[in-house]
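Can you make the complete structure from the sequences, with help from the hints?
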Amino acid sequence: MSWAETYATAWHAIRSHLMRSLLTVLGILIGIAAVVLTVGLGLGTQRDVSAEISSLGSNLLIVTPGSDTDAEGMRGGFGTGQTLTRRDGQALSSQVTVPDAESVALERESSQSIEAGQSNWTTTVTGVSGEWLHTRSREVALGSFVTEGSVDEVVLGATTAEELFGTTVVVGQTVTIADNSFQVVGVLAEQGSSAETDLDDAAIVSLDAMSSVIVGGTSSETVSTIYLKAASTDQISAVKQQATALLLNLHGITQPDDADFTVSAQNALVGTATSVYRTLTVLLASIAALSLLVGGIGVMNIMLVSVTERTNEIGLRKALGAQPTAIRRQFLTEAAMLGLTGGLLGALLGIVAARVLPTLIGSSVVVLPLAVIGSICVAVAIAMIFGVYPAVRAARLAPIDALRSQ
Amino acid sequence: MNATSVAAADYGLVADEPDQAVIRLSDARKTYRTGSMEFEALRGVDLQIQRGEYVAIIGPSGSGKSTLMNILGCLDVLSDGDYRLAGHNVADLDSVELAKLRNEEIGFVFQQFHLLADLSAVRNVELPLIYRGLGKRERRERALRALERVGLADKTANRPGELSGGQQQRVAVARALVGDPALILADEPTGNLDSTSTRDVLALLDSLQQQGRTIVLITHEPDVAQRAQRVVQMRDGELEELSSPRSHAAIRSGIEVAR
Ligand SMILES: Nc1ncnc2c1ncn2[C@@H]1O[C@H](COP(=O)(O)OP(=O)(O)OP(=O)(O)O)[C@@H](O)[C@H]1O
Ligand SMILES: [Mg+2]
Numbered sequence: 001m002s003w004a005e006t007y008a009t010a011w012h013a014i015r016s017h018l019m020r021s022l023l024t025v026l027g028i029l030i031g032i033a034a035v036v037l038t039v040g041l042g043l044g045t046q047r048d049v050s051a052e053i054s055s056l057g058s059n060l061l062i063v064t065p066g067s068d069t070d071a072e073g074m075r076g077g078f079g080t081g082q083t084l085t086r087r088d089g090q091a092l093s094s095q096v097t098v099p100d101a102e103s104v105a106l107e108r109e110s111s112q113s114i115e116a117g118q119s120n121w122t123t124t125v126t127g128v129s130g131e132w133l134h135t136r137s138r139e140v141a142l143g144s145f146v147t148e149g150s151v152d153e154v155v156l157g158a159t160t161a162e163e164l165f166g167t168t169v170v171v172g173q174t175v176t177i178a179d180n181s182f183q184v185v186g187v188l189a190e191q192g193s194s195a196e197t198d199l200d201d202a203a204i205v206s207l208d209a210m211s212s213v214i215v216g217g218t219s220s221e222t223v224s225t226i227y228l229k230a231a232s233t234d235q236i237s238a239v240k241q242q243a244t245a246l247l248l249n250l251h252g253i254t255q256p257d258d259a260d261f262t263v264s265a266q267n268a269l270v271g272t273a274t275s276v277y278r279t280l281t282v283l284l285a286s287i288a289a290l291s292l293l294v295g296g297i298g299v300m301n302i303m304l305v306s307v308t309e310r311t312n313e314i315g316l317r318k319a320l321g322a323q324p325t326a327i328r329r330q331f332l333t334e335a336a337m338l339g340l341t342g343g344l345l346g347a348l349l350g351i352v353a354a355r356v357l358p359t360l361i362g363s364s365v366v367v368l369p370l371a372v373i374g375s376i377c378v379a380v381a382i383a384m385i386f387g388v389y390p391a392v393r394a395a396r397l398a399p400i401d402a403l404r405s406q
Numbered sequence: 001m002n003a004t005s006v007a008a009a010d011y012g013l014v015a016d017e018p019d020q021a022v023i024r025l026s027d028a029r030k031t032y033r034t035g036s037m038e039f040e041a042l043r044g045v046d047l048q049i050q051r052g053e054y055v056a057i058i059g060p061s062g063s064g065k066s067t068l069m070n071i072l073g074c075l076d077v078l079s080d081g082d083y084r085l086a087g088h089n090v091a092d093l094d095s096v097e098l099a100k101l102r103n104e105e106i107g108f109v110f111q112q113f114h115l116l117a118d119l120s121a122v123r124n125v126e127l128p129l130i131y132r133g134l135g136k137r138e139r140r141e142r143a144l145r146a147l148e149r150v151g152l153a154d155k156t157a158n159r160p161g162e163l164s165g166g167q168q169q170r171v172a173v174a175r176a177l178v179g180d181p182a183l184i185l186a187d188e189p190t191g192n193l194d195s196t197s198t199r200d201v202l203a204l205l206d207s208l209q210q211q212g213r214t215i216v217l218i219t220h221e222p223d224v225a226q227r228a229q230r231v232v233q234m235r236d237g238e239l240e241e242l243s244s245p246r247s248h249a250a251i252r253s254g255i256e257v258a259r
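Here the protein sequences come in this chain order: A and D. The first sequence begins at 1 in the working numbering and counts up one residue at a time. The second sequence begins at 1 in the working numbering and counts up one residue at a time.
Possibly wrong hints are sitting among the right ones.
Ranges of calculated distance between the beta carbons of each label pair, as one might list FRET restraints [as the list claims (entries may be wrong)]:
1. D/Thr-196 with A/Leu-26: 45 to 51 Å
2. D/Thr-196 with A/Arg-20: 36 to 42 Å
3. A/Leu-348 with D/Asp-154: 44 to 50 Å
4. D/Gln-229 with A/Val-305: 47 to 53 Å
5. D/Asp-80 with A/Arg-20: 37 to 43 Å
6. A/Met-19 with D/Asp-154: 29 to 35 Å
7. D/Glu-97 with A/Ser-405: 20 to 26 Å
8. A/Asp-401 with D/Gly-161: 24 to 30 Å
9. D/Ala-91 with A/Leu-26: 43 to 49 Å
10. D/Ala-117 with A/Leu-348: 31 to 37 Å
11. A/Ile-385 with D/Gly-166: 17 to 23 Å
12. D/Asp-223 with A/Met-19: 45 to 51 Å
Simulated from the structure, these hints should not be mistaken for laboratory data. We put the beta carbon where it would ideally sit given N, CA and C, even for glycine.
Below you can see the structure in the form of structure tokens.
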């Protein structure tokens, strides 16, 4: 029997058992759509959670002056030394030397009293340079951010603005810091409190304004902290290595133990993030495996029943001279047609649902091509194995035994 | 499967050497097992059928006629004994050779018809030709001709469920004829037919025999058995030769005894 003949026979069988064929296709379809969707939902959730964790600063590295490894040799004491400079910050911003860092920000802090008309409020004023907003995961709620190099612009935290003006609508107002007049150009979006500090009690100026106008003095090149943001939590240790090597080199230090700076990560957060990823990945893999299994068993069931029902037909075809190959081919083709139709329709349904679902439940769904293709392959394979296995078994019977089976 | 050219002569089933037996059963035994129960349906049957012979098998219900027929048609295997078809020991043939043999040399009419319910009459009749690798047009032509010969030219598009019992039986006969087999095995081919249709089918078998085909027929009806040159009787799994001469009375009495 030729292949064309085989297709015609398979197609005829599918059409004449329309209900059963539709049910088979439906079973495969639902299985595939479920796999595509669950994997997609899992990946989407993983992405959402990982974005959430990064915004907490899990991929943030903090470079501070002084060493915490050598208690006696602390040059100038932990955090108070003047060993970090703008030059260090510029070097760390280079894509060549620290390729895995996404952004860098420099800070120099000073506690100052800010005056606005009758009221005054003492807070930490921070001079910043580089991509500070992105690196520290902050946003401007009103107005704009301070311009790099400006000496008369300030952005206030929400708490500070409230304390000084009783409102956060303060863009355009003037405040005085260390006898210098600054115009409020923006207000930071609220961030809430971390354990020890109110992140909304802040005043941000440019690093130049801090160095030359507010504190002045000889140490205009000094910075108090450099922040490096890695593209993801996975890259944090790479960035740490690159930054440490670069700074040791710049500072002319050969022994890592002699370092006059400290590069630290928010280890607790990184640990949490890693374990959350691991849990999510395991969860995801189990859900995908489970839905494949359930879908597969459904397909297996339908194929086994529908082919076993046709043992009689197989017996007759054999009695009339069908070779075992012809029987195998007929059922293989039929199963492949059903499996492929169900697989493609299921993938389509899954992809459509992945588009629609986020708008309904607000969680993102990532369609992974591997999940789509993989599940189609598995469905077709299962359909073929369990469609052909009973057919092969029936074809091995003496024709009369197959004919007699009911 | 492009073995259309494999001629009947390959298996030596055509009557070109009339002295050689086409069917040679020796001490054939068939035991059915149902759970722990055993039933011996054939108890040492010896049977030789020459090329071109027309043999009728009669016997009471349950005596093993269909069992014997299934063995002759290579649809079932013996539990013990020896079956030679055209000189070949059937037990030595592999599944591919057996399939080819059934397809090209044997036409089988089943007692229960065994038509595929999803296929129209003409498609059912075409089936053996599909497995012979014939092209669509030739297949259709031959199937239509076979249906015409059994008087069903107007029912070719009907499915078995849309045909009467007698019509289904005639479709089964047409399917057995369509491939021009050398050996026709018919299990009660006229069981459901009225006298006119019976006469037509028997005339068909006669003309096939005149073309040199070998015919083995199971029947209950004396008139039908009488058409054959030779009548054998099954009884409790054993075979007994009845009168060779075409004596109506002898056969009738054989059938009476069988009942
Ligand atoms: N598959 C089977 N398993 C067990 N016993 C069987 C099987 N097939 C047939 N038999 C038994 O073998 C015996 C012979 O059956 P067979 O079908 O050959 O009878 P038969 O002569 O064709 O009868 P009928 O004229 O009613 O068709 C019966 O007693 C039957 O019960
Ligand atoms: Mg019978």
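Now the hints, each set against the structure:
{"no.": "1", "hint": "D/Thr-196 with A/Leu-26: 45 to 51 Å", "in the structure": "50 Å, holds"}
{"no.": "2", "hint": "D/Thr-196 with A/Arg-20: 36 to 42 Å", "in the structure": "40 Å, holds"}
{"no.": "3", "hint": "A/Leu-348 with D/Asp-154: 44 to 50 Å", "in the structure": "46 Å, holds"}
{"no.": "4", "hint": "D/Gln-229 with A/Val-305: 47 to 53 Å", "in the structure": "49 Å, holds"}
{"no.": "5", "hint": "D/Asp-80 with A/Arg-20: 37 to 43 Å", "in the structure": "42 Å, holds"}
{"no.": "6", "hint": "A/Met-19 with D/Asp-154: 29 to 35 Å", "in the structure": "30 Å, holds"}
{"no.": "7", "hint": "D/Glu-97 with A/Ser-405: 20 to 26 Å", "in the structure": "24 Å, holds"}
{"no.": "8", "hint": "A/Asp-401 with D/Gly-161: 24 to 30 Å", "in the structure": "25 Å, holds"}
{"no.": "9", "hint": "D/Ala-91 with A/Leu-26: 43 to 49 Å", "in the structure": "47 Å, holds"}
{"no.": "10", "hint": "D/Ala-117 with A/Leu-348: 31 to 37 Å", "in the structure": "34 Å, holds"}
{"no.": "11", "hint": "A/Ile-385 with D/Gly-166: 17 to 23 Å", "in the structure": "43 Å, violated"}
{"no.": "12", "hint": "D/Asp-223 with A/Met-19: 45 to 51 Å", "in the structure": "46 Å, holds"}
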